[in-house]
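Undergrad: Sequence:
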Amino acid sequence: MREKSFDAKVWQLLRKIPRGRVTTYGAIAHKLRSKGYRAVGMACHRNPYAPIAACHRVVNSDGSIGGFGGGVKRKIRLLEKEGVKVRKNRIVDFDKIFYKF
DNA sequence: GCTTTGACTCTCG
DNA sequence: TCGAGAGCCAAAG
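First residue of the first sequence: 4, per this note's numbering; consecutive thereafter.
No wet-lab data here; the hints were simulated from the structure.
Computed from a prediction, not measured in an experiment: that's the story for all the values here.
Errors might be hidden in some of the hints.
[Said to hold, decoys possible] Listed below are the simulated BS3-like cross-link pairs for lysine-lysine, each with C-alpha atoms no more than 25 Å apart in a straight line:
| id | residue 1 | residue 2 |
| --- | --- | --- |
| 1 | 103 | 7 |
| 2 | 99 | 76 |
| 3 | 7 | 19 |
| 4 | 103 | 91 |
| 5 | 38 | 103 |
| 6 | 19 | 76 |
| 7 | 34 | 103 |
Produce the entire structure from the sequences given, and follow the hints as far as they go.
TA: Structure (structure tokens):
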């Protein structure tokens, strides 16, 4: 695996996130040796692996949901369904469910 | 090939 | 706790 665009790498990483766990754009960017936090977010938005890449499991560094194509509410709903508790657009026990690569 | 945009993050008040 | 401003990277036009 190589010769892939920055976005492709992001999608590959997202798919590694276990269910019930969340990560941050910064963590992904750091893993990619880049500071393109924003680029990571765009990769999710442009992600063709919608159901494969856990774009909804990626949140802001503060544990806030951030944004989601289609509605943040939708993202929260998915997270709660996976076992992640969300309170006022913020992840509960974010430090505990935070997935480190 | 340069300019604009975006699902971000950090710092200051 | 919340709001505003500045900085960084990559893809699309």
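Undergrad: If you draw a straight line from the CA of residue 103 to the CA of residue 7, is it 25 Å or shorter?
TA: Given pair residue 103, residue 7 holds - Cα atoms ~22 Å apart, limit 25 Å.
Undergrad: Tell me if the straight-line CA distance from residue 99 to residue 76 falls inside 25 Å.
TA: Given pair residue 99, residue 76 holds - Cα atoms ~22 Å apart, limit 25 Å.
Undergrad: Run the distance test for residue 19 versus residue 76: straight-line Cα separation, threshold 25 Å.
TA: holds (24 Å)
Undergrad: Holds or violated: residue 103 with residue 91, Cα cutoff 25 Å?
TA: Satisfied, since the Cα-Cα distance of roughly 24 Å is no more than 25 Å.
Undergrad: Holds or violated: residue 38 with residue 103, Cα cutoff 25 Å?
TA: Holds. Residue 38 to residue 103 sits at ~16 Å (cutoff 25 Å).
Undergrad: Has the given pair, residue 7 with residue 19, been kept, meaning a C-alpha gap of at most 25 Å?
TA: It holds: about 17 Å lies between the C-alpha atoms, which stays within 25 Å.
Undergrad: Just to be careful, I want the Cα atoms of residue 34 and residue 103 compared with a cutoff of 25 Å; is the pair within it?
TA: Holds, because 9 Å separates the two Cα atoms, which is no more than 25 Å.
Consistency note: the structure conflicts with none of the earlier hints.
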